[in-house]
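K.L.:
The listed protein sequences derive, respectively, from chains B, G and V.
If you read the first sequence in the numbering used here, its first letter stands for residue 1, the second for the next number, and so on.
If you read the second sequence in the numbering used here, its first letter stands for residue 573, the second for the next number, and so on.
If you read the third sequence in the numbering used here, its first letter stands for residue 831, the second for the next number, and so on.
FYI, nobody ran anything at the bench for these hints, they're computed from the structure.
All C-beta atoms, glycine included, are put in the ideal place defined by N, C-alpha and C.
Just to be clear, a hint being listed does not mean it is correct.
Here are the computed distance ranges between Cβ atoms for each label pair [said to hold, decoys possible]:
#1 G/Y674 x B/G321: 51 to 57 Å
#2 B/E303 x V/Y939: 41 to 47 Å
#3 G/Y674 x V/H1044: 46 to 52 Å
#4 G/L731 x B/G321: 52 to 58 Å
#5 V/G1076 x G/V736: 53 to 59 Å
#6 B/P562 x V/Q955: 31 to 37 Å
#7 V/G1088 x B/K113: 40 to 46 Å
#8 V/H1044 x G/F820: 47 to 53 Å
#9 V/G1076 x B/G321: 41 to 47 Å
#10 B/S488 x G/R789: 51 to 57 Å
#11 G/F646 x V/R1081: 48 to 54 Å
As a list, the in silico EDC-like pairs of lysine to aspartate or glutamate whose alpha-carbon atoms are at most 16 Å apart [unchecked claim]:
#12 B/K320 x V/D1049
#13 B/K320 x V/E940
#14 V/K1023 x G/E695
#15 G/K668 x G/E685
#16 B/K533 x B/E520
#17 V/K973 x B/E328
#18 V/K993 x V/E940
#19 B/K113 x V/E963
#20 B/K113 x B/D182
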Amino acid sequence: MLDRYEVHDHDVLVIGAGGAGLRAAIAAAEAGADVGVVCKSLLGKAHTVMAEGGMAASLANLDAEDSWQVHFADTMRGGQLINSWRMVELFAKEAPDRVFELERWGALFDRTKQGLIMQRAFGAHTYRRLCHVGDRTGLELIRTLQDKSVHSGPKVYMECTLTRLLKDGNRVSGAFGYWRDDGRFVVFRAKAVIIATGGWGRMYKVTSNSWEGTGDGICMAYDAGAELRDTEMVQFHPTGMVWPPGVRGILVTEGVRGEGGILKNSEGERFMLRYDPVKKDLSSRDVVARSINREVLEGRGSEHGGAYLDISDQPAEFIKGKLPSMYEQFLTLADVDITKGPMEVAPTVHYAMGGIHVEPETGASSLPGLYAAGEAAAGLHGANRLGGNSLTDLLVFGKRAGEAAAEFARGGGGPNGIDEAQIDEEKALLLKPFESGGGENPFLLHQELQAVMSDHVGITRDEETLQQGLDKVLALQQRAENLDVQGSRMFNPGWHMARDDIFMLTLAEAVIRAALLRRESRGAHFRTDYPEKDPELGKVNTVAVKIESGAEIKQRPIVPMPPELAALLEAK
Amino acid sequence: MSAEVARRSSVPDNKSMPGRSTWWVQPAAIAIGFTLFVVYSFWSVALSPGHSWRAGPYLSPFYSPRIAAGFWPFSSAFLVAWVPLGFRATCYYYRKAYFRAYFLDPPACAIDEPLTRSNYRGERAFPWVLNNFHRFFMYLALVVLAFLWWDTINAFHYLGALYVGVGSVLMLLNVVLLSGYTFSCHALRHFVGGSIDCYSCIRGGRARKGLWGLVTRINPYHGSWAWASLISVAAVDIYVRFVATGAFGSCFNAHTGC
Amino acid sequence: MADQETFTFQVFRGDSSGGEEQEYQVPATTGMVVLDAMHYIQAHIDGTLAVRWNCKAAKCGSCSAEINGRPRLMCKTRLDDFKDVDVHVHPMRTFPVIKDLVTDVSWNYEVNRKMAPFTHDPAEQSPWVMYQEDVDRLYEPRKCIECFLCQDVCHVLRNHEQKDSYFGPRFMVRYQYLAMHPKDILNRTGAVKNKGGVGLCNITKCCQEVCPEHIHITDNSIIPLKERVADEYFDPVRWLGKKLLGKRDERPAESETGPASS
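All chains should be modelled from the sequences, with the hints used to inform the complete structure.
P.N.:
Put into structure tokens, the structure is as follows:
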């Protein structure tokens, strides 16, 4: 019988096998826990591979003045001070060790003449700080962690989708889902669960995210009652591909600008000089993205509605050596030789700064037994993430969450039974589209949601468009009752999409409601009706909790920074 | 395999795909090219009588270095020919070419083999395991190459003066191509530096890395060097043969000629 | 730019019990790749078409298939290559079909498990000093995105079914990285020969032809490994020289038979 399910038992269950998930799994296993890792794709395919530019750590290999203190200040300023300062502190201090550790596990970086790890300049980092290998640092990270984890103990369950966290009382005790290949149901019982499932970029039309970025893990935690934080903060990466249509949104690494690429408008003007005369093309991502957006709106956009990014002044061999995959990507997909002419780029949804609210030291969520790390967790990046901070984030907080979850599991944490009623409820939700006959095509519904989010919750927002967007999302939520899929449960993308639609629609509501409540402009969140920063709102985080009627949004005061950290921000 | 085919039996195989119906052209062309060379060279050194391998200052590459051995009843070319023959037979480029063209193992990429042997042992079994001795043929080929350079220098020297003829230029071209082929050899690349894991850790490491880099730069064209030099060897032999038979008259004068 | 209105696709539909090609008409758009067409089919014609994909930018290696008889990534195969012909899209043949274009590639992950991981001298402290000249060669094998197209096209695996004896090109690429890494302390040669089965490769170079990352798999990974095997197993001169000079390889060796060990 297909409707029966198999059960797997682990001390620690890690959901997601990107950088954060694998690092957490390795840490938990090294702490002695029996670890299971569940991922939706094959191992090593996670969205982490799309991180290109590098990982930020103040090794000071090129600029001796760099230190964790400067990295701390850069990250706090980039996040417009609504970051968790404690997370940023831990992050800036531990980043170098995590990079060295990766190297000891076999990762390979570009080298300096002195034989040290090479570092490149990146947006809003004061010093050259990004350890990198060409423009495929994410691949290097994921492959290293993958090969390390293979021999570290975690059991990996590939191509398995989990759709619901199971709870015993208030405590998270496992998760339920299905195997993608044949649709069989499966239960993982665990003493602690780590969500490392990345972000929710797929709810937007133009995004650098792969199909996996549906926010499913965040939404599972939210469904289970965990608090989300700063969900209005969605990062638009300034440079995504624009043309041809099929590649729209695919990431163009910030490394292009780090290695000397210049943004120009249709009049050939280097417009970033106007918007940020100091940091210019390497200003923070929110600023560059808005600048490109403005150039397009004011009629100075490129042929297909973006800006020109030109690195062809650099020698061809240099470009091919430093940006090999960008060279290849533009040549094969867009017929553009970037050593000879400019690329066309436009902002693309890239990263969710918001996510599951976690404790800085442990990654513990507001639910006992539930942890989060990586993009799924919130706090480190505040209102805007600096390029290069995400890869190091995965390592620093992946390790911390893994260790804390193992510790929690060792303590037992009280009863962790499996409640059949919760499983039956989720089964019914999963199977409903086969029986509904409602006629809603899950792919087309998804496209509608993407259009709504892009049109109403984009780079610039205002009360009216947000409110209209909310109404549309609520209407789509209603229509999702009628999602309809054909065929069997055997590797059925339509069926997979149907559940993802519900995840994204649920989160979209939290994103919009939070955006409505933050009546100011800060970082990635720019309100044309409130174009300035409100100092009072700079002292609060947005918190979203799921209630019967939808998303409930609150504002929670930020604990003031200790004076020694505050002093770091005063210094230039 | 058979189960695999049965499972997808209603799906056309790759040979019938658009753009793939000419899969056989490349292996067939290579097979014809090699066969022609082998047949010609065997005829040239073994079956054609006389001393046509030398004409004026020219010397056929098949006969270099010349070994005059009274005990040897056959063509003296055989005393040397096994070196270049062995070098090429164990060469990483030729292995690709002949496994595809003669043994259809595989005939072309993603094109199924006519016979699928489950006892396939690749280069683990005799005779192909001998391919592992490629390096020794390479060492000897370097010696032969030195002689060929000597012959070529001599071909520019006749009757006590500098001499330039079509044949000397051909011989020069040939020895350049043979050098390109020999110095782009994978085994040579390994020998000069490929076997080292840490260049900065050993004395002379930087020089070894440099040599490795030089070989690596021409190595991607090893197959092209192989073909070009194969053709040039035959061309020089044919040319010398023609000159020696007097087809161009008696053309050797001081300084220039045929 | 698109000078034809629609493309005709012949897509393999089926599972482990069998299947056949099914025809779909897909409207053409500028710069379209095969994966775009598969997504169009999913959204507008048949939502059950199973395709594996992730990044859509040739960085993750998920969407491997055989397109008009050539192993390729669907996200990187432009339809401009197929003017006026049907486009046949089949799953990789070397691996068992799960459904439609999705194959069971788990064997590759089992192989990886059999290889000893990167192993450095535990006494050496960070930060490491490694010069560019020592690691230059290693960037190429690290570009591998594990699309397994090389494994698919390798006739040793594809036609001779030698998955028990040969790890395949992808893992020769990995062995190259491990063997040449200046900080990896294991001697990998015996493992490459006896466990990895490098001798089964007969240098026919199809892996190199299909690699979407343009890794020179045969020239730069397999052949250097074969030369290292020749050093240790087929070179009496070298053997004698080492005996006479009293040189010995002090490195610990990766296990030549069983699963990974160091």
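K.L.:
A separate judgement is required for each hint: does it hold in the structure or not?
P.N.:
Taking the hints in turn, this is what the structure says about them:
Look at G/Y674 against B/G321: about 40 Å separates their beta carbons, and that is not inside 51 to 57 Å. Evaluation of the 41 to 47 Å hint for B/E303 and V/Y939 yields a pass: the beta carbon distance comes to about 44 Å. G/Y674 and V/H1044 have their C-beta atoms about 28 Å apart, which leaves the hinted 46 to 52 Å range violated. Between G/L731 and B/G321 the beta carbon distance is about 55 Å. The supplied range of 52 to 58 Å therefore holds.
Between V/G1076 and G/V736, the C-beta spacing of about 55 Å keeps the proposed range 53 to 59 Å intact. Our hint of 31 to 37 Å for B/P562 and V/Q955 holds, since their Cβ atoms are close to 32 Å apart. Distance hint check for V/G1088 and B/K113: the Cβ-Cβ separation is about 43 Å, which falls inside the suggested range of 40 to 46 Å. Here the CB-CB span from V/H1044 to G/F820 is close to 49 Å, well matched to the stated 47 to 53 Å.
Here the CB-CB span from V/G1076 to B/G321 is close to 43 Å, well matched to the stated 41 to 47 Å. Here the CB-CB span from B/S488 to G/R789 is close to 56 Å, well matched to the stated 51 to 57 Å. Range check, G/F646 to V/R1081: about 49 Å between beta-carbon atoms, so the 48 to 54 Å window is met. Straight-line distance between C-alpha atoms of B/K320 and V/D1049 comes to about 21 Å, which puts the hinted pair past the 16 Å bound.
Using a Cα cut-off of 16 Å, the hinted pair B/K320 and V/E940 is violated, with the two alpha carbons roughly 34 Å apart. Straight-line distance between C-alpha atoms of V/K1023 and G/E695 comes to about 11 Å, which keeps the hinted pair within the 16 Å bound. Pair hint G/K668 plus G/E685 holds up; C-alpha atoms about 15 Å apart against a cutoff of 16 Å. Only pairs whose Cα atoms come within 16 Å are accepted, and B/K533 paired with B/E520 is accepted, the gap being roughly 5 Å.
At most 16 Å may separate the alpha-carbon atoms for a hinted pair to count; V/K973 and B/E328 meet this at roughly 13 Å. Straight-line distance between C-alpha atoms of V/K993 and V/E940 comes to about 11 Å, which keeps the hinted pair within the 16 Å bound. A C-alpha spacing of about 10 Å is found between B/K113 and V/E963, which places the hinted pair at or below 16 Å, so the restraint holds. Restraint check: the Cα-Cα separation between B/K113 and B/D182 comes to about 53 Å, which exceeds 16 Å; the hinted pair is violated.
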